[in-house]
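Chains as they are written, first to last, in the numbering used here: chain A, 1 to 308; chain Y, 1 to 423.
Some hints could be false.
Computed Cβ-Cβ distance ranges for the label pairs, DEER-style [stated by the list, open to error]: (1) Y:90 <-> A:28: 52 to 58 Å; (2) A:292 <-> Y:60: 48 to 54 Å; (3) A:159 <-> Y:373: 46 to 52 Å; (4) A:143 <-> Y:74: 41 to 47 Å.
I should point out that these hints are in silico values taken from the structure, not numbers from a laboratory.
As the structure is a computational prediction, the values presented were derived from the model and not from experiment.
No residue lacks a Cβ here, since even glycine has one placed at the ideal position from N, Cα and C.
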Amino acid sequence: MPDPGPSQGSGHDRATRRLWPALALPGTLWLVALFVVPFYAVMAIAFSGRINIFNEPLPAWNPLDWESSTFTTVITDSFTPSGAYHEVWVRTAIYSFWALVICVAIGYPVAYYTARLAGKRRGLILALILAPWWINYITRMLAWVNLLQDDGYVNKALGLFGIPPHSWLSGSSFTVVWALAYGYVPYFIIPLFASLDRIDQRLLEASRDLGVGGVRTFLHITLPLSRMGLITALVITALPMAGDYYTNTIVSGSPNTNMVGNQIELFLLEGPQKNIGAGLVLLLSLVLMFFMFYYLVLTQRASREATR
Amino acid sequence: MSFDPNDPALRRRRPRPQLARRDVLRGGLWLAVGVGAAPLLAACGNDQTSETANSSAPYQLARPDKPVTLAIKDSNPPIANGLSPEEGGTFNILNYADYMAPGIMKDFGKEHNVSVQVTPYNNYDEMLAKIRQPGESFDLVFPGPSVLSKMVFADLLQPLNHSYVPHLKNVWPEYQNPWYDQGARYTAPYTIYGTGVMYRADRVKSVPEMGYDLIWDKQYAGKVYVLDDRQEAIAMSLLRNHISDDINTSNPDDVKRATDSLIELIGLVNVKTDINAYSEVPEGTATVHQCWSGDVIAGQYYLPKKETPEVLGYWRPDDTDYVVGSDNIAIPKSAKKPVLAHMLINDLLDNKIGLRNFGWNGYQPPLTKLSAKYLTDQGYIPQNLANSVVVRSDFDKGHTFYEVSPSTEALWQTNWARFKAGA
Numbered sequence: 001m002p003d004p005g006p007s008q009g010s011g012h013d014r015a016t017r018r019l020w021p022a023l024a025l026p027g028t029l030w031l032v033a034l035f036v037v038p039f040y041a042v043m044a045i046a047f048s049g050r051i052n053i054f055n056e057p058l059p060a061w062n063p064l065d066w067e068s069s070t071f072t073t074v075i076t077d078s079f080t081p082s083g084a085y086h087e088v089w090v091r092t093a094i095y096s097f098w099a100l101v102i103c104v105a106i107g108y109p110v111a112y113y114t115a116r117l118a119g120k121r122r123g124l125i126l127a128l129i130l131a132p133w134w135i136n137y138i139t140r141m142l143a144w145v146n147l148l149q150d151d152g153y154v155n156k157a158l159g160l161f162g163i164p165p166h167s168w169l170s171g172s173s174f175t176v177v178w179a180l181a182y183g184y185v186p187y188f189i190i191p192l193f194a195s196l197d198r199i200d201q202r203l204l205e206a207s208r209d210l211g212v213g214g215v216r217t218f219l220h221i222t223l224p225l226s227r228m229g230l231i232t233a234l235v236i237t238a239l240p241m242a243g244d245y246y247t248n249t250i251v252s253g254s255p256n257t258n259m260v261g262n263q264i265e266l267f268l269l270e271g272p273q274k275n276i277g278a279g280l281v282l283l284l285s286l287v288l289m290f291f292m293f294y295y296l297v298l299t300q301r302a303s304r305e306a307t308r
Numbered sequence: 001m002s003f004d005p006n007d008p009a010l011r012r013r014r015p016r017p018q019l020a021r022r023d024v025l026r027g028g029l030w031l032a033v034g035v036g037a038a039p040l041l042a043a044c045g046n047d048q049t050s051e052t053a054n055s056s057a058p059y060q061l062a063r064p065d066k067p068v069t070l071a072i073k074d075s076n077p078p079i080a081n082g083l084s085p086e087e088g089g090t091f092n093i094l095n096y097a098d099y100m101a102p103g104i105m106k107d108f109g110k111e112h113n114v115s116v117q118v119t120p121y122n123n124y125d126e127m128l129a130k131i132r133q134p135g136e137s138f139d140l141v142f143p144g145p146s147v148l149s150k151m152v153f154a155d156l157l158q159p160l161n162h163s164y165v166p167h168l169k170n171v172w173p174e175y176q177n178p179w180y181d182q183g184a185r186y187t188a189p190y191t192i193y194g195t196g197v198m199y200r201a202d203r204v205k206s207v208p209e210m211g212y213d214l215i216w217d218k219q220y221a222g223k224v225y226v227l228d229d230r231q232e233a234i235a236m237s238l239l240r241n242h243i244s245d246d247i248n249t250s251n252p253d254d255v256k257r258a259t260d261s262l263i264e265l266i267g268l269v270n271v272k273t274d275i276n277a278y279s280e281v282p283e284g285t286a287t288v289h290q291c292w293s294g295d296v297i298a299g300q301y302y303l304p305k306k307e308t309p310e311v312l313g314y315w316r317p318d319d320t321d322y323v324v325g326s327d328n329i330a331i332p333k334s335a336k337k338p339v340l341a342h343m344l345i346n347d348l349l350d351n352k353i354g355l356r357n358f359g360w361n362g363y364q365p366p367l368t369k370l371s372a373k374y375l376t377d378q379g380y381i382p383q384n385l386a387n388s389v390v391v392r393s394d395f396d397k398g399h400t401f402y403e404v405s406p407s408t409e410a411l412w413q414t415n416w417a418r419f420k421a422g423a
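Model the full assembly from the supplied sequences, consistent with the hints where possible.
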């Protein structure tokens, strides 16, 4: 048996040093296979104007072959007020904004209650929040179509209070915003709950001991400490919302409520202009990445402050 | 609402290239996984097929006044005469979802000891992608005139051997020798249809002579639908507004004006788009719905209890203004059971089996025997909807969508996108 000298310790270190990157390998491969490569493919299609006779885009894999004319048109049509896609971008932003406001208004109290006040019922409430995930998103939306029909239960229920029936499904932005909020609010509550749950109870007790009232404790302790959780929840909810196109299709179906996802779908599903669809995907990704980047900056700053 | 896929009463529309619930599911997954994956996969196949840089196609585009005889190459001959049918294994059909009566497929499978499987697609781009997958084999496919030439050009189909399809004589003479496939070398006809307006007769007091005006009528606001199909919707506007008689026009001005008139509908009636006229008019969600004639025939099975087909109405344009179309059956080159495929085509052209299939999917096969009178007498169509049966003169004088150049397709799509953006 060789002498277990000091080399053993450093050998162990070396092994560990190799182990950690190795553990990251599956994740890295996953990211490359399902994000980097597809994203590059989107770019290769967005920057290529060529198709074959089957309407399939011929990607320009070599960046030297890239033509930017389609993408430039997509950008112009998106961001100039008279552009063809301008409306859908504005609508996407407005719908996402209001749906997020509703998510905060509904989700924050629920998360707060569950984390702080639910006591024994906490498990039950969490289970109820997660329950919709047992049912497919589309199925839940289709269920709303039945409820919101002219002679559906929603109008019947309103009738009990003497409110005249409303055509909820006749292409109304109001319905779409509420449907988005309804669909995504569980995604909002869970991360927020996790962050509220982690707040040290003793800080709140200290605040009380120092004679600060409930409202001020919330504003000065709970809210700042849950800020990162709130932002995470907003990001997680906003990302899929901005690319959504099936919610409005199901509960409205009117061109009046179409979002950027609908335009993407229109170009990608069939026809000779998949490069326009790819261009819109790219643009949407860039817009979302901008917010994502801002989020990352915030998290970095927060963790630096925490360790200071 | 109960849902039994085997329910013969559950008749389906002709699926078309737009958002069906199935698309939504698939598409949702698509966006979620990373939007790039699908076009990437579609594009990965190494392409020997020439690119069309928006120029003319490498084959002749078929037109009724310029009929096309599709070439039969030595390298791709029809099967020999008198072969015995294959047995065992699966018989693979590439088709729109719910476009063939399950009972017919089941009986066919039982008779020939094969299990019949359907691989569904939602539009021709998807069908082409599937049929071109290396190593894939399908025994039957349903290409319309607008994709036929390119499929033959790319050797995706095999010629028919007419000795296996004696029932071809049951179809209208023009479909024994159609303009898009002279001599019916590669195809047999499957269904024919027209485009009109389905409405609730109990709510629509009077139907104007130009029935499309119902769609531009404010009093039905919130309950007005156009087909979620760029060709059908824009063509309707071209004809209704007398912009052009050419529903395949490549004139940017005409397409733009037609689209602008559609865009007016957003403010005027808050128009909605889908392809579910067959259920929405009977259920009352829609009062006025641009539709295919097959939707009207299927519609009677979607009426709420206690309502009779009299509440439904169908307006169709004069035959000179009627937009009509047809779908075909063909055998892919990759077929592993080509003899059985010929036999199933022959079955579908049988008057009895054709009628059974019609009874299930609502779309009419061009069988000479199945006239409007015959179908109403047999109780397949209520008297008040008999005008939904398309007749031969419709095809003589009406309009049909052809295969157009990619640049024309792009022109229409870009305008359609303008409408869909609700601008």
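Hint by hint, here is what the structure shows:
A hinted range of 52 to 58 Å is violated for the C-beta pair residue 90 of chain Y and residue 28 of chain A, which are about 40 Å apart. Taking 48 to 54 Å as the suggested C-beta distance range, the pair residue 292 of chain A and residue 60 of chain Y conforms, at roughly 51 Å. At roughly 47 Å, the beta carbons of residue 159 of chain A and residue 373 of chain Y sit within the given window of 46 to 52 Å. Separated by about 58 Å at the C-beta atoms, residue 143 of chain A and residue 74 of chain Y break the suggested range of 41 to 47 Å.
Consistency with the previously given hints fails for numbers 1 and 4, ordered from lowest to highest.
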